[in-house]
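Start from the sequences, fold in the hints, and give me the full structure.
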Amino acid sequence: MAHEAIHTDAHDPLNVTNPEHAQHHIVTPLQYGYVYVTLLLFTGITAAAAYVNLGWANPVIALAIACFKAVIVILFFMHAAYQSRLIKMTIGAGFFMFLVLVTMTLTDYISRAWGLW
Amino acid sequence: MDSALATTDPNMPETEVHAEHEHVALPQHRHHFETEEQQREAGSFGMWLFLLTEIMFFGGMFFAYLLYRNWYYPAFAVASNQLSVPLGTINTAVLITSGFCMAIGVWAAEVRKKGVLVAMLLLTTVFGLIFLGVKYDEYHEKYELHHIPGDSFNTSMFTNPAGYGIKEEPLAPDMAQKTQIFFFLYFAMTGMHALHMIIGIALLLWLTWRAQRGDFSSGYVAPIENFGLYWHFVDIVWIFLFPLLYLINRHPLH
Chain A
1 MAHEAIHTDA
11 HDPLNVTNPE
21 HAQHHIVTPL
31 QYGYVYVTLL
41 LFTGITAAAA
51 YVNLGWANPV
61 IALAIACFKA
71 VIVILFFMHA
81 AYQSRLIKMT
91 IGAGFFMFLV
101 LVTMTLTDYI
111 SRAWGLW
Chain B
1 MDSALATTDP
11 NMPETEVHAE
21 HEHVALPQHR
31 HHFETEEQQR
41 EAGSFGMWLF
51 LLTEIMFFGG
61 MFFAYLLYRN
71 WYYPAFAVAS
81 NQLSVPLGTI
91 NTAVLITSGF
101 CMAIGVWAAE
111 VRKKGVLVAM
121 LLLTTVFGLI
131 FLGVKYDEYH
141 EKYELHHIPG
151 DSFNTSMFTN
161 PAGYGIKEEP
171 LAPDMAQKTQ
181 IFFFLYFAMT
191 GMHALHMIIG
201 IALLLWLTWR
211 AQRGDFSSGY
221 VAPIENFGLY
231 WHFVDIVWIF
241 LFPLLYLINR
251 HPLH
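Residue numbers (the working numbering), protein chains in the order written: chain A, 1 to 117; chain B, 1 to 254.
These aren't lab readings, by the way, just hints derived from the structure by calculation.
Be aware that one or more of the hints could be misleading.
Said to hold, decoys possible - Derived contacts from chain A toward chain B, CB cut-off under 8 Å, selection only:
#	residue
1	Ile-26
2	Tyr-32
3	Lys-69
4	Leu-75
5	Met-78
6	Leu-86
7	Tyr-109
Positions of the beta carbon are idealized from the N, C-alpha and C atoms, including for glycine.
What follows is the structure in structure tokens.
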């Protein structure tokens, strides 16, 4: 309780109960509104972009927009931007682990028929 | 329930604990946490660990999609073109709206507005049900077209698209059979997503009842916040499902 008044971003080893100062942040409805409008806008863009022939770029653009939408949902709707470093690291580690698994499995599939395509 | 627990638990020497922690009876500050912030962070941490297992669960299906799409691309493109982009786009907007209502609900719980919280949880539920209704309509259309994988699956629309008035290149019979893999993944992925939404809606009804009782408008936000994380996660899964399933190679139609 003694450390409650001090809020900085820095790690504070003296504060044994809350070393990351996981202070509580309330996201306002206005911020949620901005995120909501952005998500709807990019939903429209991704649907429209699918009808334009861009060759190999079509799936790349669709996935880039999906990733952008997912990131702003995670950062603001899910409050990741305002969480402690422990939780940010946890989220990042999860997605990183997923990418590692996909990459290694794909490497296996690609290399099995090496040169036979 | 929680306050009763704090005073009747026989394992807890009440007098000593009360002397140390004056907030011992509050659900947002249980006796085994030093501070409310510590309890909140521990709860969020646990919820995120659960969501990571969900990423791995859906991730396996996304990987299967990635691989088979590369192996049987013509079948995937033609089968994907049978999904309705307008319905998919509307459903994406409906789900994002549901998520927005949930986010406002979390804010309402934080600032202790009981009426707004209950209204937002109900709106979240309503938009979730609309999404499932549209999804049911899409599934029913696939049922009528015999596009559900299995014995009664019909590939004639893909081997003879001109006969159905569809502007597509006809597929060879063996490649046309691979459209079953697309539809299998479509039903598996959107079906697991819909199951998560049905579970979410059941939880929402329970949370709405508790919110109406006043459980979450006196500083105890964790169940609302953690359910919000779950609901937004389900949103994110759909944000990826929509382009991957509905928007493959749309331009040949024009």
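Here is how each hint holds up against the structure:
About 5 Å separates the beta-carbon of Ile-26 (chain A) from the nearest beta-carbon of chain B, less than 8 Å, and the hint is met. Interface restraint check: Tyr-32 (chain A) against chain B, minimum CB-CB distance 5 Å, threshold 8 Å, status holds. Proximity of Lys-69 (chain A) to chain B holds as hinted, the smallest CB-CB distance being about 5 Å (cut-off 8 Å). Taking 8 Å as the C-beta contact cut-off toward chain B, the hint placing Leu-75 (chain A) at the interface is violated, the least distance being around 11 Å.
A hinted interface residue such as Met-78 (chain A) counts as satisfied when its beta carbon comes closer than 8 Å to some beta carbon of chain B; here the least separation is about 5 Å, so the hint holds. Proximity of Leu-86 (chain A) to chain B holds as hinted, the smallest CB-CB distance being about 6 Å (cut-off 8 Å). Interface restraint check for Tyr-109 (chain A): the shortest CB-CB distance to chain B comes to about 6 Å, inside 8 Å, so the restraint holds.
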